[in-house]
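K.L.:
Between the sequences and the hints, there should be enough to build the whole structure, so can you do that?
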Amino acid sequence: MWLVLNRPPPPDAPYWPGRRLLALVDAVGWPLGWMALAASLPQPAGIVGPMIMALAALSALCRAPKAVWVNHRYHFTTWRWGRWVLILLLIGLVLRVALQV
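Take 5 as the starting number for the sequence shown in the working numbering and just add one per residue.
If you're looking for bench data, these hints aren't it; they were derived computationally from the structure. Check the hints yourself; a few may be wrong.
[Stated by the list, open to error] Simulated restraints on C-beta separations:
#1 V8 - S44: 36 to 46 Å
#2 T81 - R11: 31 to 41 Å
#3 W88 - S44: 36 to 46 Å
#4 M55 - R23: 30 to 40 Å
#5 C66 - L7: 43 to 53 Å
#6 A61 - I95: 27 to 37 Å
#7 C66 - P46: 26 to 36 Å
#8 A40 - K70: 35 to 45 Å
#9 V8 - Q104: 48 to 58 Å
#10 P69 - A40: 19 to 29 Å
#11 W88 - P15: 18 to 28 Å
Quick reminder that beta carbons are idealized off the backbone N, C-alpha and C, glycines included.
P.N.:
Structure, rendered in structure tokens:
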């Protein structure tokens, strides 16, 4: 049996002054970070480096208009991934302190 469940769309993000600019920085900053990472790969990376660069540029070009013009639908990538990174860092800190005894 094939079951199709429709999720309701996420609610609109609240608007506050400066949100458009920060959303644009977030939308372009992450692909630029991936481009910098791809540029620092060792030379025999083959097709992987240029492919990462091309996909990151395409991602930035697709995300930037949404961040500026459809801002109420843009959700920050930094918050989505930064939250989990922060949780993992806190777990590591607690483990370091607990095992130091």
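K.L.:
Could you run down the list of hints and mark each one as holding or not?
P.N.:
Going through the hints against the structure:
{"no.": "1", "hint": "V8 - S44: 36 to 46 Å", "result": "holds (44 Å)"}
{"no.": "2", "hint": "T81 - R11: 31 to 41 Å", "result": "violated (20 Å)"}
{"no.": "3", "hint": "W88 - S44: 36 to 46 Å", "result": "violated (24 Å)"}
{"no.": "4", "hint": "M55 - R23: 30 to 40 Å", "result": "holds (32 Å)"}
{"no.": "5", "hint": "C66 - L7: 43 to 53 Å", "result": "violated (31 Å)"}
{"no.": "6", "hint": "A61 - I95: 27 to 37 Å", "result": "holds (35 Å)"}
{"no.": "7", "hint": "C66 - P46: 26 to 36 Å", "result": "holds (29 Å)"}
{"no.": "8", "hint": "A40 - K70: 35 to 45 Å", "result": "violated (22 Å)"}
{"no.": "9", "hint": "V8 - Q104: 48 to 58 Å", "result": "holds (52 Å)"}
{"no.": "10", "hint": "P69 - A40: 19 to 29 Å", "result": "holds (23 Å)"}
{"no.": "11", "hint": "W88 - P15: 18 to 28 Å", "result": "holds (21 Å)"}
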